[in-house]
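S.K.: Residue-level listing of the chains:
2 protein chains.
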Amino acid sequence: MHAEVTDARDPVLSCAAELSLRALRRLPHVQPGDDLAALIDAGLRAESLELADCDVLVVCSKIIAKAEGQYLDLSTLTPSAAAHELAGRSGKDPRLVEAVLADSSRVSRVAREALIVQHQGGHVSANAGIDQSNVRPPSAAAGSGPWVLRLPRDADASAERLRLQLSAAWGVRLAIVVSDSFGRPFRKGTVGTAIGCAGIEPLFDQRGATDLFGRTLEHTITATADQLAAAADLIAGQADESRPVVRVRGLLFRASATPASALCRAPNEDLYL
Amino acid sequence: MHAEVTDARDPVLSCAAELSLRALRRLPHVQPGDDLAALIDAGLRAESLELADCDVLVVCSKIIAKAEGQYLDLSTLTPSAAAHELAGRSGKDPRLVEAVLADSSRVSRVAREALIVQHQGGHVSANAGIDQSNVRPPSAAAGSGPWVLRLPRDADASAERLRLQLSAAWGVRLAIVVSDSFGRPFRKGTVGTAIGCAGIEPLFDQRGATDLFGRTLEHTITATADQLAAAADLIAGQADESRPVVRVRGLLFRASATPASALCRAPNEDLYL
Numbered sequence: 005m006h007a008e009v010t011d012a013r014d015p016v017l018s019c020a021a022e023l024s025l026r027a028l029r030r031l032p033h034v035q036p037g038d039d040l041a042a043l044i045d046a047g048l049r050a051e052s053l054e055l056a057d058c059d060v061l062v063v064c065s066k067i068i069a070k071a072e073g074q075y076l077d078l079s080t081l082t083p084s085a086a087a088h089e090l091a092g093r094s095g096k097d098p099r100l101v102e103a104v105l106a107d108s109s110r111v112s113r114v115a116r117e118a119l120i121v122q123h124q125g126g127h128v129s130a131n132a133g134i135d136q137s138n139v140r141p142p143s144a145a146a147g148s149g150p151w152v153l154r155l156p157r158d159a160d161a162s163a164e165r166l167r168l169q170l171s172a173a174w175g176v177r178l179a180i181v182v183s184d185s186f187g188r189p190f191r192k193g194t195v196g197t198a199i200g201c202a203g204i205e206p207l208f209d210q211r212g213a214t215d216l217f218g219r220t221l222e223h224t225i226t227a228t229a230d231q232l233a234a235a236a237d238l239i240a241g242q243a244d245e246s247r248p249v250v251r252v253r254g255l256l257f258r259a260s261a262t263p264a265s266a267l268c269r270a271p272n273e274d275l276y277l
Numbered sequence: 005m006h007a008e009v010t011d012a013r014d015p016v017l018s019c020a021a022e023l024s025l026r027a028l029r030r031l032p033h034v035q036p037g038d039d040l041a042a043l044i045d046a047g048l049r050a051e052s053l054e055l056a057d058c059d060v061l062v063v064c065s066k067i068i069a070k071a072e073g074q075y076l077d078l079s080t081l082t083p084s085a086a087a088h089e090l091a092g093r094s095g096k097d098p099r100l101v102e103a104v105l106a107d108s109s110r111v112s113r114v115a116r117e118a119l120i121v122q123h124q125g126g127h128v129s130a131n132a133g134i135d136q137s138n139v140r141p142p143s144a145a146a147g148s149g150p151w152v153l154r155l156p157r158d159a160d161a162s163a164e165r166l167r168l169q170l171s172a173a174w175g176v177r178l179a180i181v182v183s184d185s186f187g188r189p190f191r192k193g194t195v196g197t198a199i200g201c202a203g204i205e206p207l208f209d210q211r212g213a214t215d216l217f218g219r220t221l222e223h224t225i226t227a228t229a230d231q232l233a234a235a236a237d238l239i240a241g242q243a244d245e246s247r248p249v250v251r252v253r254g255l256l257f258r259a260s261a262t263p264a265s266a267l268c269r270a271p272n273e274d275l276y277l
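For the protein sequence lines, the chains are P and U, in the order given. Going by our numbering, the letters in the first sequence line up with residues 5 to 277, in that order. Going by our numbering, the letters in the second sequence line up with residues 5 to 277, in that order.
Same shape as in the complex, but just chain P (with noise of 0.2 Å):
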């Protein structure tokens, strides 16, 4: 089993008919400036849990964020005119609307409640994906809050990082998805979903396939990346985050080096909307 297959309309590549899903079961509240691929690595071997080849780590964005430090204290923000503006049209808190719109290189949908944006990475999602459960300030911070945390800065470059330490670590091939619970249109829930990855396809592209009876498939593209949040997030114990890494085996993938932003769609060529 190898993750780079060079025929890009190889059927084979979803068709492993077993997945198996096992969470890391402890791993330690992360810190800023953590060295998030050793702590990962050590979990991995405090468990006797192996990486190897073709298994894909999802990762929760959370703790790369902690991992990065991306705590934003609110008290520090002046809200400007505009964020007054959607503060008062959406309910929310002027410094918390400050914060969204510094990371954000577009506003999709503001309603009571909902500031539904498109984050600088390409994602869009409720407040640019601005976090207040399960932060804690970094404790050497002195600042009143109340504190938030950002995405991770990158976070196909975080996975980029993890895939190389870890790869090197255990000798083998891996791939990374960064995932975040992304709320979405149509559909009430939260979704597992991927905001980074690195080492695979984030969507699989099956054009040109044929189905069972030879007529050739149009529109036949998997995001395979989201689906292996939403997968890993059945587990990943979202309300008290004690599952925020996840090894899933089984996939036969396509290595590559796209970036999860491929899986966005650019609003004007959005069908949907």
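Careful: at least some of the hints might be erroneous.
Because identical chains share one entry, a pair is satisfied inside a single copy or across any pair of copies.
Said to hold, decoys possible - Capping the alpha-carbon separation at 20 Å, the derived lysine to aspartate or glutamate pairs in DMTMM-like fashion look like this:
no. : residue 1 : residue 2
1   : Lys96     : Asp274
2   : Lys192    : Glu273
3   : Lys192    : Asp39
4   : Lys96     : Asp77
5   : Lys192    : Asp135
6   : Lys192    : Asp209
7   : Lys96     : Glu273
8   : Lys192    : Glu117
9   : Lys96     : Asp107
These are computed hints drawn from the structure, not numbers from a lab. Just so we're clear, the structure is a prediction, and the values are computed from it rather than from any experiment.
Position chain U against the provided structure of chain P, taking the given hints into account.
M.R.: Using the frame of chain P, we list chain U on its own:
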């Protein structure tokens, strides 16, 4: 391990640390009138795959639709004026548009190559899920075609029938999720999505639970059934539909009679649009 848990806030429900997915490797081509539960049962036994308490079977909607004979010969349809008008705007076959409208409760978006509608079952997708891939007219049919396949008539009812039959055959408590591959706004690629379910609460509501630091979670509702569908799709073999049944083992979930339409947001409550 038991599916029925009374404490609605029990975080253990999402915190199993291991999950295994196993696709049925072989299943005969499903024909109209087939007893799908019996076919799946025979397939499981042929592969020595047993069912146990709390297993979830994720079943592709297409084989259910085929068993239910949801084929339609487009040449038999006479498009309405509305269908002609939408066909002009979308570039689609007016007969296909007629079929889509007949199965829809609302048109969400019309653009070139896109007809996004709300199916009568509540789920929003392209073309009401009507599909031309992997569709072969039933042998007894005489029409000239082209043939398409509609979604199952009532995917929750189909799921419940499968649940009752297979639970009885194995003497265990199962859950069933009926999946379809949906495109979505904001993001490229399709993801497995739940359009029917039985025996499992499709949404896992953790509101009221507390986070790591005792802060009450406000917005944490997870779309468990959708995540199961997405996970199964990773090994379902979309192009040739070689693996339309996936057994998921290890999830702790809440037994429920809630239909999958509970996952659908009403348009006036959709904060993302």
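S.K.: Is it within, between, both, or neither for lysine 96 and aspartate 77, if the alpha carbons may be no more than 20 Å apart?
M.R.: Classified as within; 16 Å inside a copy, 53 Å across copies.
S.K.: Between lysine 192 and aspartate 209, at a C-alpha cutoff of 20 Å, which is it: within one copy, between copies, both, or neither?
M.R.: Close across copies (11 Å), not inside one copy (27 Å); limit 20 Å.
S.K.: Is it within, between, both, or neither for lysine 192 and aspartate 135, if the alpha carbons may be no more than 20 Å apart?
M.R.: Within one copy, since 19 Å is at most 20 Å while 25 Å is not.
S.K.: Within a copy, between copies, both or neither: which one fits lysine 96 and aspartate 107 at a CA-CA cutoff of 20 Å?
M.R.: Answer is within: at 16 Å inside a copy they meet the 20 Å cutoff, but 40 Å across does not.
S.K.: With 20 Å as the alpha-carbon cut-off, assign the pair lysine 96 and aspartate 274 to within, between, both or neither.
M.R.: Classified as between; 18 Å across copies, 28 Å inside a copy.
S.K.: Go through the copies and call it for lysine 192 and glutamate 273: within, between, both or neither, with a Cα cutoff of 20 Å.
M.R.: between (24 Å within a copy, 10 Å between copies)
S.K.: Given a CA cutoff of 20 Å, do lysine 192 and glutamate 117 count as a within-copy pair, a between-copy pair, both, or neither?
M.R.: within (15 Å within a copy, 26 Å between copies)
S.K.: Is it within, between, both or neither when you check lysine 96 against glutamate 273 at 20 Å Cα-Cα?
M.R.: Between. Shortest inter-copy distance 18 Å satisfies the 20 Å Cα cut-off; intra-copy 30 Å does not.
S.K.: Within a copy, between copies, both or neither: which one fits lysine 192 and aspartate 39 at a CA-CA cutoff of 20 Å?
M.R.: For lysine 192 and aspartate 39, neither the intra-copy (36 Å) nor the inter-copy (33 Å) Cα distance is at most 20 Å.
Consistency note: the structure conflicts with earlier hint 3 alone.
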